[in-house]
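K.L.:
The primary structure of each chain is shown beneath.
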Amino acid sequence: MQLLERFMKLDRRWVYLFLVTVCVIAYYADFSLPTIVEKETRSIYEFLDSLPPGERIFVAIDYDPSNQAELHPMTYALMEHAFRKKLRVIFTALSQNGPGMADQAIKDITDSVKVERTYNGVTFAGREIVITAMGQDFRIPFPADYYGVPLDSIPMMKDAHNYDDIAILVDISGGNITDAWISYGQGKFDFPLALGLTGVMTAQYYPFLQSKQVMGIMGGLLGAAQYEDMTDNPGLAKDGMRVQLMAHLVIILFIIIGNIGYFAARKKHK
Amino acid sequence: MVVQYFVPHEQSEHAKEFLLDWIIVIGIFALALGIWSLISVSMDKINKRRTNWEYSAVTLIGLVTMTFFGFTAHGDGSWWTYFIALIVLLAALWFYVQGLLSSGGKPMTNILIGAGLSAVFALITIFDNSWTFHFYTPEGLSNMMFINFFNYIMVPLQATMFALLAFFIASASYRAFRARNVLASLLLIAALIVMLRFTPGPWGDLLAKTSTWVMNVPNLAAQRAIIIGIGLGIVATALKVILGIERGYMGKG
Amino acid sequence: MKKTALALLFFLGLFSVSLAQTDTSKSSFVTPPRPVTDLTAFDSNNDHGHSITLNWTPSADDGAGAKSVISYRIMRATSAGGPFEEVGLAPAGSITFKNSSSIDPASTGFIPDHTDYYYRVDATTMDTTVISSSDIAGPVQSSGQWFNKGLYPVFWAVIIFTILTVLFVFVAKKGRDLYVRPLAGIEAVDDAIGRATEMGRPILYVMGLGTASDIATIASFTILSRVAKRVAEYQTDLIVPCYDPIVMAVAQEVVKSSYMDANRPNDYNEDDVFFITQAQFAYVGAVNGIMLRELPATNIYMGKFFAESLMMAETGVVSGSIQIAGTDEIAQIPFFVVACDYTLIGEELFAASAYLGREPLLLGSLKAQDIAKAAILVLALIGIILINFGVGQDIQWMNGFRELFKVTD
Amino acid sequence: MELFGIWIAALLTLGIYSFLYKDNPVYKATEAIFVGVSAGYWAVVYYFDNIYKKFWEGAVTSDNPDYWMYGGAVLGLLFLTRLFPKIGWISRWPLAFIVGATAGLYMVIYFVTNAMNQTASTIMDIVARNAAGEILWMDTLGTLVILVGVVTGLVYFFFSKEHKGVFGTAAKVGTWFLMITFGASFGYTVMSRMSLFIGRMDFLMSDWLHIIK
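Line order of the protein sequences matches chains A, B, C and D.
Using the working numbering, the letters of the first sequence correspond one by one to residues 1 to 270.
Using the working numbering, the letters of the second sequence correspond one by one to residues 1 to 253.
Using the working numbering, the letters of the third sequence correspond one by one to residues 1 to 409.
Using the working numbering, the letters of the fourth sequence correspond one by one to residues 1 to 213.
If you are wondering where the hints come from, they were derived from the structure by calculation, not from laboratory data.
Among these hints, one or two may not hold up.
Every beta carbon over 12 Å from chain D, so not counted as near; a handful from chain C, in silico [stated by the list, open to error]:
| hint | residue |
| --- | --- |
| 1 | S79 |
| 2 | Q332 |
| 3 | D341 |
Capping the alpha-carbon separation at 30 Å, the derived lysine-lysine pairs in DSSO-like fashion look like this [claimed, not checked]:
| hint | chain 1 | residue 1 | chain 2 | residue 2 |
| --- | --- | --- | --- | --- |
| 4 | A | K158 | A | K188 |
| 5 | C | K174 | D | K161 |
| 6 | D | K172 | A | K270 |
| 7 | C | K173 | D | K164 |
Beta carbons are placed, not taken as given, at the ideal position from N, Cα and C, and that holds for glycine.
Assemble the whole structure, with the sequences as input and the hints as a guide.
P.N.:
Now the structure itself:
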C-alpha cells in the first residue's frame with residue numbers, strides 16, 4: 001500500500017523526465033505503430049488506388065506555413081501514392097502562401113520519384129470566381145502555368161478542360177477555402193471531392209461527409225499517418241504520430257498512476 | 001460610443017477612429033511610464049543589493065542594448081567602435097540613473113560621471129562614421145544586430161517558453177485528473193476519451209467517433225452557455241462603468 | 001521518363017491577363033448568352049455611405065440553357081453614355097453585388113457620396129469577346145444613414161437592459177436585501193488574504209495579457225481595487241506585474257486609491273505595481289520567476305489570458321500558492337480549472353466585483369443580468385416551440401422571430 | 001555568425017528547460033535577458049509604428065495634419081502628471097476616458113455577438129431530417145443534448161437564485177456539461193502542445209547537434 005500511495009504524490013520532475021525520455025526515444029526509434037485506418041481516410045485511398053494509370057487528379061494546396069507541420073505530411077503521402085500509381089496530377093493553390101507550400105512539396109517529392117518537370121504558381125484573388133471558371137475550362141483563369149507554358153502545349157493538359165476531365169479533387173486546406181470548394185466547386189459541378197484538413201477543423205466538416213458532398217476526410221497528422229499506412233509508405237506523419245502517441249500514452253499512464261495512488265490512499269483512510 | 005454602434009454614418013466612423021487613435025497616443029506616454037517603471041524597479045533592486053539584483057542588471061543591459069540597436073544603423077567599417085560606444089552608453093546611463101534614484105549617497109558625483117561618459121559617447125558618435133543614429137527612419141529595424149538579437153534570442157526563447165507547455169500540460173493532468181467526485185470524474189473521462197482518440201486498437205475508431213461527438217455536442221452546448229453569460233457580464237460591466245455605478249477602476253471601491 | 005508521363009502541373013496566372021491571351025482561334029464558337037435582366041441599383045442600407053448595391057435576375061444561360069455564363073462583370077460609369085469601367089466581378093449564379101469603398105478618400109476605388117453613378121452588368125463567357133450587357137441602371141447615389149434600422153432589436157434590447165439595471169439598483173438602494181448565491185472563488189479571496197497575512201508572504205495579482213480596452217481587464221481592475229483595499233487593511237504585501245503599460249498605470253492608480261480608502265496611504269509603494277515587458281512569453285518567464293522567488297501565499301489571476309494560463313498556474317502549484325483565477329477567454333478556462341484551486345468561469349468574473357464589494361448598487365446589476373438570462377431562455381424556448389410545432393402556419397412570422405436575434409455587422 | 005547564433009539560441013533554449021528541474025541561475029539569467037531584450041524590442045517597434053508613423057507623420061509633419069491627435073497627446077501629457085504627487089490626481093482623467101470609451105465601444109458589440117447571435121443559433125429544428133425526409137435519430141439526439149446543455153449551463157450562471165430543488169438540479173447538470181467541456185478541450189489541446197515540443201526537439205537535434213535520423 002505504501003508504494004501505491006506514493007504514486008499519488010510523485011514529484012512532477014519524474015513526469016517530465018519520463019516524458020522527455022520517451023519522446024526522444026520515439027523520435028529516433030524506428031518502430032512503427034499500427035494505425036487504425038478510419039473509414040473517411042480509407043475511402044480516399046481506395047478511390048485513388050482504383051484509378052487506372054494516366055487518370056488525372058486535381059490537388060488544391062490551400063495552406064500556409066503555419067499549418068505546414070500538420071498538412072505537409074498529408075500532401076506528401078497523397079502525392080507519392082498518386083505518382084507511384086502513375087496518375088497525372090494537376091495542382092492549384094488559391095491561398096496566400098499556398099504556392100510556396102506546393103512548390104516545396106513538389107520539389108521534395110520529385111526528388112524521390114524523379115518527375116521530369118515541375119511548375120510553380122502564384123496566388124490569385126477571388127477564389128470563388130476561379131473555382132467557378134475552372135468548371136468551364138481550366139484555361140479561363142489559367143491560360144498558362146506558372147512558368148508561362150501555355151496549357152495547350154502541355155501533353156497531359158491536351159484533353160483536360162474542366163472538372164469533367166478529372167477523377168477526383170483533393171483539397172488540402174488550413175482555412176475557409178474549403179467552404180468555397182464545397183459550395184462553388186462540388187456544389188455546382190458535382191465532382192468527387194475529398195478533403196485534407198487540420199485536426200482542429202476536422203470536426204466542423206463531418207456534416208458534409210454525412211450529406212455525401214465530400215467523399216472522404218483526412219484529419220491532421222493522424223489522417224496523414226493513416227494514409228501513409230495504407231500506401232505502405234511511412235514518412236513524416238508516422239514519425240510525428242509516433243512521438244505524439246507515445247507522449248499521449250505517457251500522460252495517460254501518469255493519470256492512471258495518480259488515480260491508483262488516490263484510491264489506495266482513500267481505501268487506507270477508510 | 002454606445003450611440004456610435006447604431007449610427008453607421010461616416011462621421012460616426014470617424015469619431016470611432018479618433019477615439020482609438022487617442023488611446024494609442026495615450027499608450028505612447030504610458031509606454032514611457034512602463035519602461036521607466038521597469039528601470040526604476042530594477043535599479044532599486046540593484047542599489048539595495050536585494051537578492052538576485054545581478055539579474056536585474058542583465059535585464060537593463062538587454063533593454064538598453066536592444067534599444068540602441070533599434071535606433072542605429074551600421075554601415076561599412078569596423079564594428080569595434082560600435083560596441084565600445086554601446087558600452088560607454090551603458091555606463092553613462094548607469095551613473096545617470098544611479099544619480100537620479102539614489103536616496104542617500106552623492107547624486108551629483110554620479111551625474112557628473114554620467115555626463116563625462118556621455119561626452120565620450122557623443123565624441124565617438126561624431127567621429128565614427130561607420131554607424132549613425134536614425135530616429136526618423138526605421139533603419140534600425142533592419143540593423144544586423146537588431147535582427148540577430150531578434151532571430152537568435154527572442155524567437156527561440158519565445159518558442160521554447162511556449163513549448164514548456166508540453167510539460168506543464170503533462171504534470172497538470174497527472175496532478176489534477178483524479179476521480180474525486182462526479183465532476184472530477186466527468187472531467188477525467190472526457191479528457192481521456194479525447195486523448196485516446198488516435199490510439200491503435202479495436203476501440204480507436206469508436207473513441208474517435210465519440211470524441212468528435214463530445215466536441216460537437218456537449219462542448220458546443222456548454223460553450224454557448226458560457227458565451228451568452230460572458231456577453232451579459234460584459235454588457236453589465238460596461239453599463240456600470242458608463243452609469244458611474246462601478247468606480248472601482250478609479251480606486252473608489 | 002517520357003515527357004508525357006507524370007507531367008506535374010501547377011498552373012496559375014492573372015485572370016485579366018489570361019483572358020486577353022486566350023487563343024480564340026482554338027476555342028469553339030460561343031453564342032452570346034442571354035443578358036441579365038431586372039437590374040436595379042440603390043444605396044446600400046444601414047451603412048456609412050460610399051456603397052451601392054446591385055440586384056439582378058441572372059442570365060437564362062447561367063447554370064441553365066447554354067450554361068455558357070461564367071461570371072458577371074460589374075461595369076460602372078458616371079454618365080449613362082459611358083465610358084463604363086469594370087468595378088468588380090461576381091461568380092456565375094450570383095444575383096447581387098455590393099460596390100463599396102472605405103471612407104478614406106485616398107483609398108483606391110473610393111466612391112464619393114452624393115454623386116450620380118450608372119451601372120451595367122455584363123454576362124461573360126469563356127471567350128472574352130463574347131459578352132452580353134444588361135440594360136443600364138441609374139442614376140444612383142450613395143449616402144450614409146444616421147440610424148442603422150437593422151439594429152432596432154439590439155437597440156431595444158440594450159434600452160430594456162439598461163432600464164432593468166437602473167431599476168434594480170434603485171430597488172437595492174431602498175434597502176431591499178437581494179439574495180446572491182455564494183461563489184466559492186470569491187469567498188476564497190478573503191481567506192487567501194488572511195492566509196497570506198498569517199504566513200507573512202505576499203499576494204501576487206496577475207492582470208493577464210489584456211489591454212485597457214478589454215472589458216475583462218476593466219473587471220479585473222474593479223476586483224483589484226477590492227483586493228488591494230483588504231490587503232492594505234491586513235498590511236500584507238501585494239505584487240502586481242503588468243504586461244501592458246496603460247494597464248500598469250491604471251493598476252497603480254487603483255492600488256494607490258485603495259490604500260487611501262483603507263487609510264494607509266503610507267504603506268503604498270509605487271514599485272508594487274510594475275511593468276515587465278510586452279512580449280507574452282518573456283512576461284510569463286518573469287512572472288514564473290517571481291512566483292518561485294517571492295513564494296506568494298496566493299496567486300490571483302483575473303482578466304484576459306492566453307497560452308500563459310497553464311504555464312503560470314502550474315508554476316504556482318510548484319510554489320505552493322493558493323490559486324484563484326477568472327477569465328472570459330473560453331479556451332483557457334479548462335487550464336485554470338485543472339490547475340487552480342478556484343476558478344471564476346466566464347460571467348462569474350464580471351460578477352466578482354459586485355460580490356467583493358457587497359454594495360447594493362452593484363448587486364442590483366447582478367439581478368438585472370439574471371433577468372436578461374431568464375429572458376433569453378424564455379425567448380429561445382418560445383422560438384424553438386414555434387419552429388418545431390408551428391410548421392406551416394406562419395413561417396414568415398417565425399423566421400422574423402429568429403431574425404430578431406440574428407444581427408449581421 | 002549563423003553558427004554562433006544557433007549556439008546562443010540552443011544554450012538559451014536549454015536555459016529555459018532547466019526551469020523544469022528547478023529555478024536556477026541559468027534560468028534566471030535567461031529570463032533576465034529575455035525580459036530586457038523583448039522590452040527593448042517592443043519599445044523600438046512601438047516607437048516606429050505609433051509614435052513615429054501614427055503621431056509624428058500623421059499629425060506633425062503631414063501636409064494634412066490630423067489635429068485630433070493633439071487631443072490624445074494632451075491626455076497623454078496629463079497621464080504623466082502622475083509622476084508628480086501633488087497634481088497626480090489629474091492623471092485620472094485620461095484613465096476615465098480610456099475606460100469609459102472602451103466600455104461604450106464594446107458594450108453593444110458583445111451584446112450582439114455573444115448574447116443575441118448565440119441565442120439565435122440555439123433556436124433550431126429539434127428533429128433533424130435528411131433530404132429524403134427521414135428522421136436522423138443521432139442528430140436529433142444531438143440537438144436535444146445541445147438544448148439541454150445550453151439551458152442548464154445558463155441556469156448555473158444565475159446569481160440571485162439559490163441552487164435548490166429543480167433549479168438546483170438543473171444547475172448541477174449544467175456543471176456536468178461544463179466539466180465535460182473542460183476535460184475535452186484540455187485533452188484536445190495536448191496534441192498541439194506536444195507538437196511545439198517536437199519542434200524544439202527538432203531544433204536542438206538537427207539544427208544544433210546535427211544528429212540526423
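K.L.:
Now look at each hint and say whether the structure bears it out.
P.N.:
Taking the hints in turn, this is what the structure says about them:
no., hint, result
1, S79, "holds, 30 Å"
2, Q332, "violated, 9 Å"
3, D341, "holds, 15 Å"
4, A:K158 / A:K188, "holds, 24 Å"
5, C:K174 / D:K161, "holds, 20 Å"
6, D:K172 / A:K270, "holds, 27 Å"
7, C:K173 / D:K164, "holds, 27 Å"
When the structure is compared with the earlier hints, a violation turns up for hint 2 alone.
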